[in-house]
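Colleague: What follows is the residue order along each chain.
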Amino acid sequence: MLRYTLKRLLVMLITLWIIITLTFVLMVSIPGSPFNSEQSSNETVQANLEKHYNLDKPYVVQYLLYIKSLATFDFGPSISQPNQTVNDLLGRGFPISFELGIVTIIVAVISGIILGILAALRHNGIIDYIAMGIAVLGISIPNFILATLLIQKLAVDWELLPVATWAGPEYMVLPVIALATGPMAIIARLTRSTMLDVLTQDYIKMARAKGLSPWKIIFKHALRNALMPVVTIMGTLLAGILTGTFVIEKIFAIPGMGKYFVESINHRDYPVIMGTTVFYSAFLIIMLFLVDIVYGLLDPRIKVHQKDGE
Amino acid sequence: MNKDEPILKVNNLHVTFSTYGGTVQAVRGVDFHLNKGETLAIVGESGCGKSVTSNAIMRLIPDPPGKITAGNIYFKGVDLTKLSEKKMRAIRGVDISMIFQDPMTALNPTLTIGTQLTEGLRQHQKVSKEKAIEKAIDIMEVVGIPNPKERLKQYPHQFSGGMRQRIVIAMALICEPELLIADEPTTALDVTIQAQILELFETIQKATGVSIILITHDLGVVAKIADRIAVMYAGKIIETGNNRDIFYQPQHPYTKGLLNSVPRLDLAGEKLEPIEGTPPDLFSPPKGCPFAARCPYVMEVCNKVFPVQTEYTDSHHVNCWLQDERAKSLLATIANE
Ligand SMILES: Nc1ncnc2c1ncn2[C@@H]1O[C@H](COP(=O)(O)OP(=O)(O)OP(=O)(O)O)[C@@H](O)[C@H]1O
Ligand code: SF4
Ligand SMILES: [Mg+2]
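Chain order of the listed sequences is A and B. Going by my numbering, the first residue of the first sequence is number 1, and it counts up by one from there. Going by my numbering, the first residue of the second sequence is number 1, and it counts up by one from there.
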């Protein structure tokens, strides 16, 4: 287990380094500078500013300096908001984005699984058709369109829920629905199809032959096996939800990381762009690692400490 | 219940499956009984309805598409076909247990052997976890699994096929059932393991007095351990008798065919002859003898009327017009029509 974890950690670090390098290369190859767009500052001021942010140094030096600051978890100062560091922005925005993301994942996973189970148990029945109808809609409607529809109907027309911002639980409802519907639909469809397959397995017949209650058969014997593929796609879903938060935060004017990220791109605020990208990449990589561990816990045949080819 | 009364009595059992292609008449009027402590083998080619019959006894026919359309299944005098699902659940695994063909798929890959062994016991007899584990260890010893204490914590993939089948048998036995239905319990195993598992059945029966229904398509498997044999063909039982009756005086041409297609030690060197042809379509089974299309002795009457049951001896019954004198008069009436 220890060896496996160390190996995984190494791979994670290498992945992160590649992401950092790519982000850096992309950043310096985009034309334009943070200082020549808006202010009509004179050349000396601009030169001084560039000096302050190390932008006058050769790329290699900039790169090394950047790696050095990342290694100390210092993402540097923001350029467009000079009195703020990137760490400040992350500290303010990330908890909100994290809350949005986590609630979305929980809602998507629980409702998706329940919908999938119901559909499988009432295979070809009315509940199955309704559940799969919802799922097809959920997969085909992009989250930003769903968000707009929800705001128009539930918030503006019927005034049931607040339109935007982030000030309490009721403010979460619409953004979470907008963000969770897609992943929920995917999970529901996957749970249904694997559940249908699992229910025909011999070990389910064996469980019935033991006289177990239907409840035990479904939750103890079937669901565990049916969830395996769901866990497998969790990584992809997580990445989708993560990028989805950027869009949804923008639409609902939620002061999370998404807001700062979009603004930072408009302002060419290099440290913020890079800081956010690196931070989110690291976050996603860690989540994927956790998904792998959960998978190993669910399926004893997959031993995380197993050597390759064993 | 009378002491001499059979523990299981199946009368006129009919099971059908409705499919898009029509209704499959999988079991078409099966009668048999099983005495206490006895081993009955049900033998027949693939698709003749053996598994459907055993699933019907457990009331595990998937409905839809399957349905028990007629007949009774008396277990210790109680008609199982009339019981509610809830009452039936209290019988499954407790009074009647079942063993399936493929031990590689009959165990849940994500649960430990211990959990799977004890869950039935814990559900039905409400014993404590410690008691259940104790009992599981005992039963694992009975079925011949070494180091039961350690192995309880392991998962199915850590066991060989033969060991898994022993676990499945242990699972079936843990609540001390009175009737054990084994549906092809050795088919998926290699020959040496087969012999060991069959021996295990004999040992268990001697120790516990459990009655066994052993389902197989291989007459060779049952020669040693079956007390009585029922031969099934196209959803019907066409010959029953005790072990000697069937092996030494088979009466039905199909039974003879089956015996000729089984390698036998005492007849080494004789040519094996598989039975030509295929069983009839169960969507529209023939109204006469289902074996007629493949039978070398087929007569006119065979195609017209299903053969009545003839008592060849007290223990030995057969459904074949060759064995029944009523064939002649029937033939005459048919000719006159
Ligand atoms: N769920 C089902 N739906 C439709 N037909 C079925 C179903 N289950 C069984 N049958 C039909 O019932 C008939 C008897 O099947 P059964 O499984 O009892 O055969 P078997 O004697 O056990 O054969 P085998 O030796 O292959 O196990 C077959 O013709 C099969 O097609
Ligand atoms: S009844 Fe006729 S067809 Fe059927 S087995 Fe006997 S002889 Fe053959
Ligand atoms: Mg079968």
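No wet-lab data here; the hints were simulated from the structure. These numbers were taken from a predicted model, which means no experiment stands behind them. Just so it is clear, CB atoms sit at the ideal spot from N, CA and C, and this is done for glycine as well. Any given hint could turn out to be false.
Residues on chain B that point at chain A, a partial pick, calculated with CB under 10 Å [as the list claims (entries may be wrong)]:
{"id": "1", "residue": "Ala-106"}
{"id": "2", "residue": "Gln-116"}
{"id": "3", "residue": "Ile-133"}
{"id": "4", "residue": "Val-168"}
Here are the simulated lysine to any residue pairs, SDA-like style, with alpha carbons at most 20 Å apart [what the hints assert, rightly or not]:
{"id": "5", "chain 1": "A", "residue 1": "Lys-205", "chain 2": "B", "residue 2": "Gly-161"}
{"id": "6", "chain 1": "A", "residue 1": "Lys-205", "chain 2": "B", "residue 2": "Thr-105"}
{"id": "7", "chain 1": "A", "residue 1": "Lys-220", "chain 2": "B", "residue 2": "Val-127"}
{"id": "8", "chain 1": "B", "residue 1": "Lys-126", "chain 2": "A", "residue 2": "Lys-68"}
{"id": "9", "chain 1": "A", "residue 1": "Lys-205", "chain 2": "B", "residue 2": "Val-127"}
Colleague: Please go over all the hints and tell whether each is borne out by the structure.
Modeller: Hint check:
{"no.": "1", "hint": "Ala-106", "in the structure": "holds (5 Å)"}
{"no.": "2", "hint": "Gln-116", "in the structure": "holds (8 Å)"}
{"no.": "3", "hint": "Ile-133", "in the structure": "violated (17 Å)"}
{"no.": "4", "hint": "Val-168", "in the structure": "holds (7 Å)"}
{"no.": "5", "hint": "A:Lys-205 with B:Gly-161", "in the structure": "holds (19 Å)"}
{"no.": "6", "hint": "A:Lys-205 with B:Thr-105", "in the structure": "holds (10 Å)"}
{"no.": "7", "hint": "A:Lys-220 with B:Val-127", "in the structure": "holds (19 Å)"}
{"no.": "8", "hint": "B:Lys-126 with A:Lys-68", "in the structure": "violated (63 Å)"}
{"no.": "9", "hint": "A:Lys-205 with B:Val-127", "in the structure": "violated (24 Å)"}
Consistency note: the structure conflicts with the earlier hints numbered 3, 8 and 9.
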